Each structure stands twice: as C-alpha cells, then as structure tokens.
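Given the coordinates of chain A, work out where chain B should sit on it, guided by the hints.
Chains A and B, in that order, give the protein sequences.
Residue numbering for the first sequence follows the working numbering, starting at 3 and increasing by one per position.
Residue numbering for the second sequence follows the working numbering, starting at 3 and increasing by one per position.
There may be inaccurate statements among the hints.
As the list claims (entries may be wrong) - Derived DSS-like pairs (lysine-lysine); straight-line CA-CA distance at most 27 Å:
hint	chain 1	residue 1	chain 2	residue 2
1	B	Lys58	A	Lys292
2	A	Lys281	A	Lys329
3	B	Lys12	B	Lys22
4	B	Lys273	B	Lys171
5	A	Lys298	B	Lys58
6	A	Lys298	B	Lys12
7	A	Lys12	B	Lys293
8	B	Lys202	A	Lys58
9	A	Lys148	A	Lys46
10	A	Lys292	A	Lys202
11	A	Lys289	B	Lys9
12	B	Lys273	B	Lys257
13	B	Lys281	A	Lys58
14	A	Lys295	B	Lys9
15	B	Lys173	A	Lys12
16	B	Lys9	A	Lys202
17	A	Lys292	B	Lys12
18	B	Lys293	B	Lys329
19	A	Lys46	B	Lys58
20	B	Lys273	A	Lys58
21	A	Lys289	B	Lys58
22	B	Lys58	A	Lys295
23	A	Lys12	B	Lys295
24	A	Lys58	B	Lys289
25	A	Lys58	B	Lys298
26	B	Lys46	B	Lys281
27	B	Lys9	A	Lys298
28	B	Lys292	A	Lys9
29	B	Lys295	A	Lys9
30	A	Lys295	B	Lys12
31	A	Lys12	B	Lys298
32	B	Lys58	A	Lys58
33	A	Lys293	B	Lys12
34	B	Lys9	A	Lys292
Unchecked claim - Partial pick of chain A residues on the chain B-facing surface, computed with a CB cut under 10 Å:
hint	residue
35	Cys86
36	Lys91
37	Arg92
38	Lys114
39	Leu115
40	Glu120
Calculated directly from the structure, the hints in this document are not laboratory data.
As the structure is a computational prediction, the values presented were derived from the model and not from experiment.
Beta carbons: idealized from backbone N, C-alpha and C, even for Gly.
Number of protein chains: 2
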Amino acid sequence: MIIDQIKPTKIFLLMDTNTKEYCYPLVEENLTDHTILTIFRGEKEKTIQTCIQIWKAMSDLPLDRHSLVINMGGGVICDMGGFCASVFKRGLAFINCPTTLLSQVDASIGGKLGIDFENYKNHIGLFREPNHVIISSVFLNTLSQKELLSGCAEMIKHALIDSHVAWEKQKVMNTPIIPSDEQISQSIQVKYRYVLQDPKENGIRKALNFGHTIGHAVESNLIETKNISITHGEAVAIGLIAETWLSNQCLGLNKDNLNSICEYLINFFPKIDLHNISKQQFFDALKQDKKNKGNKIIASLIRDIGDCVIDYPVSAELCWDSLNYYKLLSAQ
Amino acid sequence: MIIDQIKPTKIFLLMDTNTKEYCYPLVEENLTDHTILTIFRGEKEKTIQTCIQIWKAMSDLPLDRHSLVINMGGGVICDMGGFCASVFKRGLAFINCPTTLLSQVDASIGGKLGIDFENYKNHIGLFREPNHVIISSVFLNTLSQKELLSGCAEMIKHALIDSHVAWEKQKVMNTPIIPSDEQISQSIQVKYRYVLQDPKENGIRKALNFGHTIGHAVESNLIETKNISITHGEAVAIGLIAETWLSNQCLGLNKDNLNSICEYLINFFPKIDLHNISKQQFFDALKQDKKNKGNKIIASLIRDIGDCVIDYPVSAELCWDSLNYYKLLSAQ
Numbered sequence: 003m004i005i006d007q008i009k010p011t012k013i014f015l016l017m018d019t020n021t022k023e024y025c026y027p028l029v030e031e032n033l034t035d036h037t038i039l040t041i042f043r044g045e046k047e048k049t050i051q052t053c054i055q056i057w058k059a060m061s062d063l064p065l066d067r068h069s070l071v072i073n074m075g076g077g078v079i080c081d082m083g084g085f086c087a088s089v090f091k092r093g094l095a096f097i098n099c100p101t102t103l104l105s106q107v108d109a110s111i112g113g114k115l116g117i118d119f120e121n122y123k124n125h126i127g128l129f130r131e132p133n134h135v136i137i138s139s140v141f142l143n144t145l146s147q148k149e150l151l152s153g154c155a156e157m158i159k160h161a162l163i164d165s166h167v168a169w170e171k172q173k174v175m176n177t178p179i180i181p182s183d184e185q186i187s188q189s190i191q192v193k194y195r196y197v198l199q200d201p202k203e204n205g206i207r208k209a210l211n212f213g214h215t216i217g218h219a220v221e222s223n224l225i226e227t228k229n230i231s232i233t234h235g236e237a238v239a240i241g242l243i244a245e246t247w248l249s250n251q252c253l254g255l256n257k258d259n260l261n262s263i264c265e266y267l268i269n270f271f272p273k274i275d276l277h278n279i280s281k282q283q284f285f286d287a288l289k290q291d292k293k294n295k296g297n298k299i300i301a302s303l304i305r306d307i308g309d310c311v312i313d314y315p316v317s318a319e320l321c322w323d324s325l326n327y328y329k330l331l332s333a334q
Numbered sequence: 003m004i005i006d007q008i009k010p011t012k013i014f015l016l017m018d019t020n021t022k023e024y025c026y027p028l029v030e031e032n033l034t035d036h037t038i039l040t041i042f043r044g045e046k047e048k049t050i051q052t053c054i055q056i057w058k059a060m061s062d063l064p065l066d067r068h069s070l071v072i073n074m075g076g077g078v079i080c081d082m083g084g085f086c087a088s089v090f091k092r093g094l095a096f097i098n099c100p101t102t103l104l105s106q107v108d109a110s111i112g113g114k115l116g117i118d119f120e121n122y123k124n125h126i127g128l129f130r131e132p133n134h135v136i137i138s139s140v141f142l143n144t145l146s147q148k149e150l151l152s153g154c155a156e157m158i159k160h161a162l163i164d165s166h167v168a169w170e171k172q173k174v175m176n177t178p179i180i181p182s183d184e185q186i187s188q189s190i191q192v193k194y195r196y197v198l199q200d201p202k203e204n205g206i207r208k209a210l211n212f213g214h215t216i217g218h219a220v221e222s223n224l225i226e227t228k229n230i231s232i233t234h235g236e237a238v239a240i241g242l243i244a245e246t247w248l249s250n251q252c253l254g255l256n257k258d259n260l261n262s263i264c265e266y267l268i269n270f271f272p273k274i275d276l277h278n279i280s281k282q283q284f285f286d287a288l289k290q291d292k293k294n295k296g297n298k299i300i301a302s303l304i305r306d307i308g309d310c311v312i313d314y315p316v317s318a319e320l321c322w323d324s325l326n327y328y329k330l331l332s333a334q
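Extracted from the complex, chain A is given alone in its bound form (with noise of 0.2 Å):
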C-alpha cells in the first residue's frame, strides 16, 4: 500500500460533508489510523478563510513535516488540500483521490493548486504534484448526472485537442454517461502528455486552456451575481462554444468542424441563461484572467481539431461576441 511506502507520523484526512456520506464509508476500513476534517461542499468553500480553518486544525493535532494529507473529494477538495498541505510549515506530502469525474480527468493531475479569491477563479495557488493520485471508478457511483456531465466537458476538451481519432470517438459518448475506465484512462493521459512537456505552463500546456478564458470569464460572473448555480463542466462547455467560435472566426477553423462541434455540446449540455452578465462585468473579468499578459486577453484556439494554437491575443469585443454566439444557439 502506498501509505505504508510513505511512513508518515500522522494522517490527515480532508474531505467535504458530500464525500464524507457517500465517500468515506467505501475507504475506511482500508485506512490505518486517520484524523479527519470535514468542510462543507461546493466552490464557495475555496477560500482562503477555509484554508485558515484547515491550517488551524492541522496546527492543532499537531501535523509535522512528516506527517500525511489525504485530499478525498472533487476539484475544490483536491486544489484546496493540496494548497493548504503544500505551504503548511512550508510543505507537507499529500495524496489527491479524487472522486468525481471532473477531478478523475482535470484536477488530479497537472499540479495546479490552490484557491479562489475575491471571486477570481484559482488566484492564489502554486504548482506542486501530489506524492500519488488514487483513482478509482468506485466512487463514480455516487455521482448524480449532472456531476458526471461536469467531468465530460474536460474530457470533450482533451478530445478536441488531442486528434480527430479521438474526436471521434468521444463524439460516440452520450446521454446518459456511463464513462468506462477505459475512456477516463485515455482522457487522462491527454492531459498528462501535455503537463509532461511543459509542467509550468511556459508554452505547449497552455493548449488545456482551450475553452477556459470565455469559460472562467462565465464562471466568475455567475459566482458573482450568485443567482444562478453552473458547474465548472457547464462553464467550460459554454467556453468551449465561444472558443470553438473564436477558432473559426481568428483562425479559420473549418465551419463543418464549428457546427459539428458546437452541436454536439448544446445538445449534450443544458442551456444556461447568461442574461445576467453585464458586458462590464464580463470584461472586469476577462481582463484578470491569469493567462493574459499586460492588457492583452489571451486564449488558446484550435486551427483545427488536434491542432491548438497557444497564446493568441483576442479582444474583449469579440469575446463578447462570442457569447453571444452561444445565446443565440439552441439545442436540437
């Protein structure tokens, strides 16, 4: 067993109120001696008033450098574990075991931790690699529909920039999900042939950005306004739209790739109204997006399926636009 590679003085064991019904009980009698900590679910917990709740817990056992977290949840679990373990005197090891789809294929691997702030998205955070990442298809049983389509819009991504053989098959997947491990094996090792090249995101891993800068632009206004709930996986789906859009528009993404793209994800995802965001909003936004550089808005766009072009300067209007694109879209 890992844990027992590892040695460590103390467990810790991270975990929201959801994973600690549904996920804890499958794990338990597999863990030696653990202490647990359990925060309330959702987005609206990555803060950092939640890391000092976790670092006083920790500081209250106590943890030492030798001692061992276990981040058992999705993304926010996960991000905001690894952040807290990562600079709690000054870095301690941690284990990610993700449990929903999303975090299965996005967060578990890449090393990008942390948390949100003042409703930006990931602001305050570090890259660092989990010592080990659990995956196991166990806990995809307790996941609703709805959470299961949140982890598809990262695998659709991977797709898209991955290779039309891959496109193609993912076009296969539908309603209702039912990933094989298979499908979530593959999707992962997109991501992590990607994150192998370029761990810091200096250049080629940007490419995972695509359909991120519309997509977290959408995500931190509807944190914002608060009246409308989405998942990360509906946001980067609305992201992934816009960009698909912008491809088309700044790089000549062919229209029969636009249409066959976008077509399949407004029907794979529930339309959400983005009435709410004002243009401002919406550009405060994007402009503190963490990829931009000076005042440029930069995203990463596909020239064609497969074929992803990095680090391309669009502006706030055609952003726009792009949304409304998708407003103007409707599922057949």
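Chain B in isolation, oriented as in the chain A frame:
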C-alpha cells in the same frame, strides 16, 4: 539594470511604514513606473490577514503573471512579500531588497518564504528563491543599534557553524556595531554554502537552525504574551546560549568553548527577562517546531565550533533546563 532584463508589465513595490519613510527616498528616483503598497511595520503584521490585503491590492491593479514584485524592507517584508508573490496567480517574479542587517545576512537568501500563523513563527510558507536579491549597505545607516544587534545574532551563528577562524574574526566585533561590507559578505557566504548543498533543508542545511529550536520557542511565547518586545536576533541570541549549553550537555562541546561563546553573547546582547514564560507554554511552543518528527523535539547542535550535528533529539525537560542556564547567566 536588473529590472530592464526582466521587462515586467508592471512593478509592485511592497514596503512597511518604516522603509517607506527612510529607505524609499534613497531609491525612488532610480525606479521606473511602479505602484507602491505600504503596510504597518513589525512582526505582528506577518499574518494571513496582511497577505489578503496585499493580494487585494495586487488584484485591483491588476498584476498579471509577467508583473514584478519588489519587496523592500526587513525579514517580514521579504518573507511575506515573497510568499504573496509566489502564490499570486500561481507565481510572479519577485526581487528582494533587504534593508536591515538581519534580512541581509539571513532572510535575503535561502528561499524560505512565509508568514506566522496562530502565534507560530513562519508556519505557513514555501521554498522559493527570489529572482534577484539586491543588497546595499546604504540602508544600514537608517538602522538603530538595536536593529543592527538583531542582525548580529545570525552573523554569530554563521561564524559558530562555519569554523574556528570565522569565530575568532567574529569575536572582534563589538558594540557599537558597524559591520563592513566584507563582514556582511562573508556571513552571507556561510549561509549560501549550506543552502546550495541542500536547498530544501533535508540534511546539512539544518545546521543553520542552530540556536533556533529554543530561540523560536522563546519568540513564539513572547509574541503570545505580548508584554515584552523582543527582536528576532535577541531571541536567537538566547537560543544560541541555550543550545550551546545543550551542545555541552549532549555532545560534549568543551567547557572552554561553552564559556567563551556564552560570555561573548551575554555581554553583546541585553539580558531578557523570561520569567513570564511558563513551562507549559514553552513546551507547547516546542511541540509546534517545524523541525520536529512525530513527538520528538529536534535541534541542530555543535560538537565543536564549525562541527554541527543535525537532527539531534532533545527532551522538552532538557530544553527547559537550557533556558534556566540562560536565566542564571549574567553580563560582566
């Protein structure tokens, strides 16, 4: 100029009220366009709440990933500003410009960044070297003798873990303190040699912790009681005396060295009244030391001058006795 090489999109200059008043006028004219943030001075500001204030200011500008943070001040500013920069949008470039003798010989290199948390020193943080460090003796003229004294404790430690030759040179230094560029440079080089061999402090770098097991526990306690103001150097000086005694008790450091080291230190630094620290408070602080493994308190001691033994387990009781040794010493 270094900044011209970096070509930052924006420059963010962090200072405290002290450096704003005394140091900023010395460099203002040589700096290109920049935004300043001034925070209150002192160790009690080295908190997560101040980090939140810094991150808000960074977000408001906004800084992007190609911006540069310059930390101009003592250890608090360099440690906290470096930490804030390192996790803002997952890491901005930063330059440390240490203005105190203490931060020049200690905090400026080694990459230990962070803040205090719940009265525990440097409890939250990480390892990252600044992109550049600018050390200028022009700032030393702005310091009081008390502040220069604080820096001397680390210089004395460097001499003790380096060699008999360094120690003989150090002993010549006396109050009033006017350190030469050469003395500062030699002291930094001792630290630099250790850091270079072991950047993440897994082994030999721990020699630099000599004096800091007891020193930090005393400092934590005095932060907590809040009625006594003590500089880091004064706490380290107490730690050096206590741990030199421990070195004699545990490793047979010879009596002549014990006497000469402690006599030098007790005459160099003002005697601090430690009667307010209860045994239990002291034990609690020792338990939180980042160097500990499980329940064991770990210290770095010296078998001889220039011959350090790391990872040496000491009992809490013996640590308490070492503090009593300090209490019984008197200056001549």
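Hint check results:
1. The hinted pair formed by Lys58 of chain B and Lys292 of chain A meets the criterion: a straight-line CA distance of about 15 Å does not exceed 27 Å.
2. Of the pairs offered as hints, the one joining Lys281 of chain A and Lys329 of chain A holds, with about 14 Å between alpha carbons and a cut-off of 27 Å not exceeded.
3. A distance of roughly 19 Å separates the Cα atoms of Lys12 of chain B and Lys22 of chain B; the hinted pair therefore holds under the 27 Å criterion.
4. Distance check on the hinted pair: Lys273 of chain B and Lys171 of chain B sit about 24 Å apart at the alpha-carbon level, within 27 Å; holds.
5. Proximity of Lys298 of chain A to Lys58 of chain B is assessed by CA-CA distance (about 21 Å); at most 27 Å being required, the pair is judged to hold.
6. Annotation: proposed proximity of Lys298 of chain A to Lys12 of chain B holds, straight-line Cα distance about 13 Å (limit 27 Å).
7. Pair hint Lys12 of chain A plus Lys293 of chain B holds up; C-alpha atoms about 15 Å apart against a cutoff of 27 Å.
8. Straight-line distance between C-alpha atoms of Lys202 of chain B and Lys58 of chain A comes to about 24 Å, which keeps the hinted pair within the 27 Å bound.
9. Among the hinted pairs, Lys148 of chain A with Lys46 of chain A is consistent with the structure: their alpha-carbon atoms are about 18 Å apart, no more than 27 Å.
10. Pair hint Lys292 of chain A plus Lys202 of chain A holds up; C-alpha atoms about 13 Å apart against a cutoff of 27 Å.
11. Straight-line distance between C-alpha atoms of Lys289 of chain A and Lys9 of chain B comes to about 20 Å, which keeps the hinted pair within the 27 Å bound.
12. Restraint check for Lys273 of chain B and Lys257 of chain B: the C-alpha separation of about 22 Å stays at or below 27 Å, so the hint holds.
13. Restraint check for Lys281 of chain B and Lys58 of chain A: the C-alpha separation of about 23 Å stays at or below 27 Å, so the hint holds.
14. The hinted pair formed by Lys295 of chain A and Lys9 of chain B meets the criterion: a straight-line CA distance of about 12 Å does not exceed 27 Å.
15. Taking the CA atoms of Lys173 of chain B and Lys12 of chain A, the gap is about 44 Å. The hint is violated against a cut of 27 Å.
16. For the hint pairing Lys9 of chain B with Lys202 of chain A, the CA-to-CA distance comes to about 20 Å; that is within 27 Å, so the pair holds.
17. Our distance criterion of 27 Å between C-alpha atoms is met by Lys292 of chain A and Lys12 of chain B, whose separation comes to about 14 Å.
18. Proximity of Lys293 of chain B to Lys329 of chain B is assessed by CA-CA distance (about 25 Å); at most 27 Å being required, the pair is judged to hold.
19. The suggested pairing of Lys46 of chain A with Lys58 of chain B holds, with an alpha-carbon distance near 18 Å, which does not exceed 27 Å.
20. This hinted pair does not check out: Lys273 of chain B and Lys58 of chain A have alpha carbons roughly 34 Å apart, beyond 27 Å.
21. For the suggested pair Lys289 of chain A and Lys58 of chain B, the alpha carbons sit about 15 Å apart, so the restraint of at most 27 Å is met.
22. Our distance criterion of 27 Å between C-alpha atoms is met by Lys58 of chain B and Lys295 of chain A, whose separation comes to about 19 Å.
23. Between Lys12 of chain A and Lys295 of chain B the alpha-carbon distance is near 10 Å, which keeps this suggested pair within the 27 Å criterion.
24. The straight-line distance between the Cα atoms of Lys58 of chain A and Lys289 of chain B is roughly 15 Å, inside the 27 Å bound, and the hint therefore holds.
25. With a C-alpha separation of about 21 Å, the suggested pairing of Lys58 of chain A with Lys298 of chain B holds against the 27 Å cut-off.
26. Proposed proximity of Lys46 of chain B and Lys281 of chain B is supported: the alpha carbons are some 24 Å apart, at most 27 Å.
27. For the proposed pair Lys9 of chain B and Lys298 of chain A, the alpha carbon gap of about 16 Å is at most 27 Å, so the pair holds.
28. At most 27 Å may separate the alpha-carbon atoms for a hinted pair to count; Lys292 of chain B and Lys9 of chain A meet this at roughly 18 Å.
29. Between Lys295 of chain B and Lys9 of chain A the alpha-carbon distance is near 12 Å, which keeps this suggested pair within the 27 Å criterion.
30. For the hint pairing Lys295 of chain A with Lys12 of chain B, the CA-to-CA distance comes to about 10 Å; that is within 27 Å, so the pair holds.
31. Note on Lys12 of chain A and Lys298 of chain B: the hinted pairing holds, with a Cα-Cα distance of about 13 Å set against a maximum of 27 Å.
32. For the given pair, Lys58 of chain B sits about 23 Å from Lys58 of chain A by alpha-carbon distance, which is consistent with the 27 Å threshold.
33. About 15 Å separates the Cα atoms of Lys293 of chain A and Lys12 of chain B, which keeps this hinted pair within 27 Å; it holds.
34. Of the pairs offered as hints, the one joining Lys9 of chain B and Lys292 of chain A holds, with about 18 Å between alpha carbons and a cut-off of 27 Å not exceeded.
35. Interface hint at Cys86 of chain A: satisfied, since its Cβ lies 9 Å from the closest Cβ of chain B, which is below the 10 Å cut-off.
36. The interface hint given for Lys91 of chain A is met, as the beta carbon of that residue sits about 4 Å from the closest beta carbon of chain B, less than 10 Å.
37. Of the supplied interface hints, the one on Arg92 of chain A holds, with its beta-carbon coming within about 5 Å of a beta-carbon of chain B, less than 10 Å.
38. Given hint, Lys114 of chain A at the interface with chain B, holds; its Cβ is 7 Å from that chain's nearest Cβ, closer than 10 Å.
39. For Leu115 of chain A, the suggested interface contact is upheld, since its CB lies about 8 Å from the closest CB of chain B, less than 10 Å.
40. Because the beta carbon of Glu120 of chain A sits about 6 Å from the nearest beta carbon in chain B, less than 10 Å, this interface hint is met.
Violated hints, listed in ascending order, are 15, 20; each of the other numbered hints is respected by the structure.
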